[in-house]
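Student: Protein chains in written order, with the working numbering: chain A, 1 to 113; chain B, 1001 to 1114.
Accuracy of the hints is not assured; some may be wrong.
Said to hold, decoys possible - For each label pair, taking beta carbons as the anchor points, the in silico distance ranges come out as: (1) A:R17 to B:E1052: 44 to 52 Å; (2) B:S1073 to A:A41: 19 to 27 Å; (3) B:G1085 to A:P9: 21 to 29 Å.
Because the hints were derived from the structure by calculation, they are not lab data.
A virtual CB, placed ideally from N, CA and C, is assigned to each residue, including glycine.
What follows is the residue order along each chain.
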Amino acid sequence: DQQVKQNSPSLSVQEGRISILNCDYTNSMFDYFLWYKKYPAEGPTFLISISSIKDKNEDGRFTVFLNKSAKHLSLHIVPSQPGDSAVYFCAALRGGSNYKLTFGKGTLLTVNP
Amino acid sequence: DTGVSQDPRHKITKRGQNVTFRCDPISEHNRLYWYRQTLGQGPEFLTYFQNEAQLEKSRLLSDRFSAERPKGSFSTLEIQRTEQGDSAMYLCASSLDLVGTEAFFGQGTRLTVV
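Isolated chain A (complex conformation) (with noise of 0.2 Å):
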């Protein structure tokens, strides 16, 4: 059962314009969510987050929106740039259990020049 889904295995996106990122989750229980990218052949890195007692958080091109009602989080990269094509992970923590991440499967994200 999964429990944190991204349900666009890809995306592509012209260089200048918004990246949207979409992920939906099945566990109220989720008070944490974080973003991870990653690249071929590398480990997740990780981009930003938001406890749910937020409903955006920003950092810089990216920022995290998170709507608890409808269990559902996304992702905004403006402007989207060639290096931003990589995977990205939608990932969940638990309350009381706040080390063991649950991803989803992953959008890949291509930004074309």
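The hints should help you fit chain B onto chain A, whose structure is shown.
Tutor: The following block gives chain B in isolation, referenced to the frame of chain A:
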């Protein structure tokens, strides 16, 4: 380099052989994790150490798998009698013991069982 280090980066082994992987976490991190990633999937949690204590093991970790973290520093993951289904990327991560802190991942060990 002060990141999480894993060795080897790649391992090809014959079915039935034993393999051992090593992970050196970021030095001040007292939490260490092992994850496994197969093609088309996100990383899946295998086990977690708080210092030298192994506090949780996933059901994915069969009896053929054993992990240790002696003295709360580096960790090893051993797979005995490897099977083709064990072929995957094995990722190690570490973090501080703080709520909401992110885990830092190593580059992984790619295991291929032939």
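Student: Lying within 21 to 29 Å: is that true of the beta-carbon distance G1085 (chain B) to P9 (chain A)?
Tutor: 23 Å, holds
Student: Can you let me know if the beta-carbon spacing of R17 (chain A) and E1052 (chain B) is within 44 to 52 Å?
Tutor: 49 Å, holds
Student: Regarding S1073 (chain B) and A41 (chain A), is the given constraint of 19 to 27 Å on their beta-carbon distance met?
Tutor: Once the Cβ atoms are compared, 26 Å apart, the range 19 to 27 Å for A41 (chain A) and S1073 (chain B) holds.
The structure meets every hint from the earlier list without exception.
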